[in-house]
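Participant: The lines below spell out each chain.
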Amino acid sequence: MERISIALALASASLRSEFQYRANAVSSVIGGVIYQLTGFLVVWIIVDRFNTIGGWSLAEITFLYGMRLTAHGIFYLCFSQMFDIDRVLISGEYDRFLVRPISPLLQLFTRQLRVNCFGDLIGGAALLAFAARGVGIDWSLAAWTFVLLAVVGGALVEGAIQIALGSLSFRFLSSIAVRQTVNEVFNQYGNYPQRIFPEVLRYLLTFTLPVAFVAYFPASALLDRTGELVVPAWIAWIAPALGVALFGVALGIWRKASRGYQSSGT
Amino acid sequence: MTLSRNWPAWVAIARTSIRHHYIYRFNALLAILFTGLQIYLLTVVWKAAYGDRTEVDGIAIGQLLVYLTLAQLQLRFLQMELDGDIEGRIRLGQIGFDLSRPVGYPSQLLAAAVGDMIGQLPMLAVAFPIALIAGELSGPPSVAAGFGYAAALLLAWILAALLNMLIGLVSFWTLEMSGFRMIYNLVGNFATGALVPLWFMPDALRIVIQVLPFQAIAFVPVSIYVGAPATGALWSALLLQAMWIGVLIFAIRWIWGQAFKHMVIQGG
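These protein sequence lines map, in sequence, to chains A and B. Each position in the first sequence, counted from 1, maps to that position plus 554 in my numbering. Each position in the second sequence, counted from 1, maps to that position plus 5 in my numbering.
Possibly wrong hints are sitting among the right ones.
[Stated by the list, open to error] Covered stretches of chain B, going by a simulated chain A footprint (3 or more residues, C-beta under 8 Å):
| hint | segment |
| --- | --- |
| 1 | 31 to 45 |
| 2 | 49 to 57 |
| 3 | 185 to 192 |
| 4 | 199 to 213 |
[As the list claims (entries may be wrong)] Where chain B lies over chain A, by a calculated footprint (3+ residues, C-beta under 8 Å):
| hint | segment |
| --- | --- |
| 5 | 588 to 595 |
| 6 | 732 to 743 |
Rather than coming from a laboratory, the hints here were simulated on the basis of the structure. Idealized CB from N, CA, C, for every residue including glycine.
With the hints as extra help, turn the sequences into a complete structure.
Facilitator: This is the structure in C-alpha cells:
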C-alpha cells in the first residue's frame with residue numbers, strides 16, 4: 555500500500571513538472587491526438603472508399619483501433635521511461651535509484667512523464683466511444699468490464715516486452731534500437747485486422763511478438779469474429795490474463811538481469 | 006547572388022553536414038528499417054482494400070503499389086533537420102557565430118541541407134533493397150515519365166528544404182517548439198499524399214490538400230513516375246512546384262528580415 559502511495563506521489567510530481575512549461579505540454583498533448591488521428595485518417599479514408607478492409611466494417615476497425623490506442627496510452631503513461639533506460643544506466647543515474655528505499659524499477663517509471671500519452675488516451679477513448687454503437691455488441695456491464703480488462707492487459711503486454719528487452723541494457727548498455735523497432739511493429743501492425751496479413755506473419759505476430767494479444771484478439775472475441783483467428787476462441791478471451799502473466803515473467807527477467815548491474819562510474 | 010563568390014564557404018558547410026550524417030549512421034539505418042515496415046504494411050492494407058479488383062478509378066493495383074513504395078522511400082530521403090538545428094543553435098547562443106560569418110544565414114542553411122542530402126546517398130544502397138523486398142518497384146512506364154520524375158524530384162527536394170527552413174525560422178520568436186513541430190510534421194506528412202494518394206481522398210479533403218504545398222513533395226513527383234492519368238499535364242505539375250518554390254523563397258526572405266530584428270543571442 556505504502557509503495558503505491560509513494561509511486562503516486564512521485565508520478566504526480568513528474569506531472570506537475572511537465573506542466574511547468576504549459577504551452578509546450580498542451581501542444582504535446584494536441585500533437586499526440588493529431589498523431590493518432592492522422593494514423594486513423596488513413597484507415598477511415600480507405601474504408602470510406604472501399605467499404606471494408608479484410609471484411610471488417612468501419613465501425614469494427616475503429617473499435618479495434620480505439621482498443622489498441624487506449625492500451626498503448628496506458629502503456630505509455632506508466633512505462634514510457636523504459637525508453638530512457640540506456641541513458642539512466644550510462645549516466646549513472648541508476649546508482650541514485652539503488653540508494654533509495656523503493657524499487658529502482660518504480661523510480662525509473664515515475665522519473666518523468668511523457669505528456670503525449672494523454673493524446674493516445676484521449677484519441678483511443680474517443681474512437682471507442684464513436685465505434686461502440688455501430689459494432690452490434692450488447693453493451694452489458696460484463697462487456698464493458700472485458701474492454702477495460704483488455705486494454706489494461708494490452709498495456710501490460712506492451713510493457714512486458716519493453717521491460718524484458720530493456721533488461722538487455724544491463725549487459726549491453728544499449729538496447730534502444732531493438733526496443734524502438736519492436737514498439738514500431740506494435741504501433742503499425744496492431745491496429746489492423748490481422749486477417750489481411752499472410753499466414754506466416756500472423757503466426758509471428760502471435761507467438762514470436764504477441765502483437766495480436768494487445769487488441770486484435772480481445773476485439774475479435776467481442777465482435778464475434780474468433781472464427782478467423784489462427785488460435786482457438788478461448789485464447790482470445792483470456793488475452794487480458796496473458797498480459798498479466800507476461801508482465802510477471804518480464805519482472806522476473808528484469809530482476810535477474812539487474813543483479814548484473816555494474817555502475818558506469820560517471 | 007553571393008553564391009559564386011562564397012562557394013568555398015558553401016562547400017565547407019556542406020562537408021560538415023556530410024560528416025554529421027556519418028556519425029549518426031546507425032539512427033539512419035533504423036529509420037530506413039521503419040520505412041520498410043511502413044511500406045510493407047501499406048501495401049498489404051491497400052491490397053486488401055482492392056480485394057479482387059485490379060483497377061479502381063483508372064489506377065491499377067500495380068501502379069498503386071509502386072506509388073506507395075516510392076513515395077515512402079522518397080520521403081525518407083527528403084526528411085531534413087534544419088528546423089531542429091536552428092532551434093538548437095539559438096538555444097545555445099551559437100547562432101551568434103553563424104551570423105558573424107560572411108555568408109548569409111539562409112544560404113548557410115541551404116548548404117547544410119545539400120551536405121545532408123549527399124551524406125544520405127550511401128544509405129540508398131540499404132534502403133533500395135529493403136523497399137524492394139517490402140513493397141514493389143518497377144521502372145517508369147515511359148521515358149517522359151522517367152525524366153519528368155527526375156525534374157519533379159529535384160524541385161520536391163528544394164521545396165522540402167525551404168519548408169523545413171521556414172519552420173526553423175520560427176525559433177527566432179519562441180523556443181518552445183517541440184509540440185508545434187510535431188503537429189506540423191504530422192499534418193505535413195499526411196498532406197504529402199504518401200499514405201493515401203490524392204486520387205482516393207474524399208473531395209473536401211482533397212481540395213484542402215491541393216491548396217497546401219506539401220503534396221508537391223510526394224504526390225506530384227511520384228504520380229508522374231507511375232504515369233497516373235489524373236496528374237494531368239506534366240508541365241503544369243512542374244509549374245505548380247516551381248510556383249511554390251517562388252512563394253517560399255519570398256516568404257523566407259521576408260521572415261528572415263523580421264527575425265534578424267527580433268534576435269536575442271543567448272549568453273553561453
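Participant: Okay, the segment 31 to 45 of chain B and chain A, do three or more residues pass the C-beta test at under 8 Å?
Facilitator: holds (count 6)
Participant: Please check whether the segment 588 to 595 of chain A has three or more residues whose CB lies within less than 8 Å of a CB on chain B.
Facilitator: holds (count 4)
Participant: Just to make sure I understand the rule, a stretch counts as covered if three or more of its residues have a C-beta closer than 8 Å to a C-beta of the chain. Does the segment 199 to 213 of chain B meet that for chain A?
Facilitator: holds (count 6)
Participant: Do three or more residues from the segment 185 to 192 of chain B put their C-beta atoms closer than 8 Å to C-beta atoms of chain A?
Facilitator: Contact hint for the segment 185 to 192 of chain B vs chain A: holds, 5 residues under 8 Å.
Participant: Please count how many residues of the segment 49 to 57 of chain B have a CB within 8 Å of a CB from chain A and say whether that reaches 3.
Facilitator: It holds, with 8 qualifying residues against the three required.
Participant: In terms of beta carbon proximity below 8 Å, does the segment 732 to 743 of chain A have 3 or more residues touching chain B?
Facilitator: Held - the segment 732 to 743 of chain A has 6 residues with a Cβ nearer than 8 Å to chain B, which meets the minimum of three.
Violation of the numbered hints given earlier is absent; every hint is satisfied by the structure.
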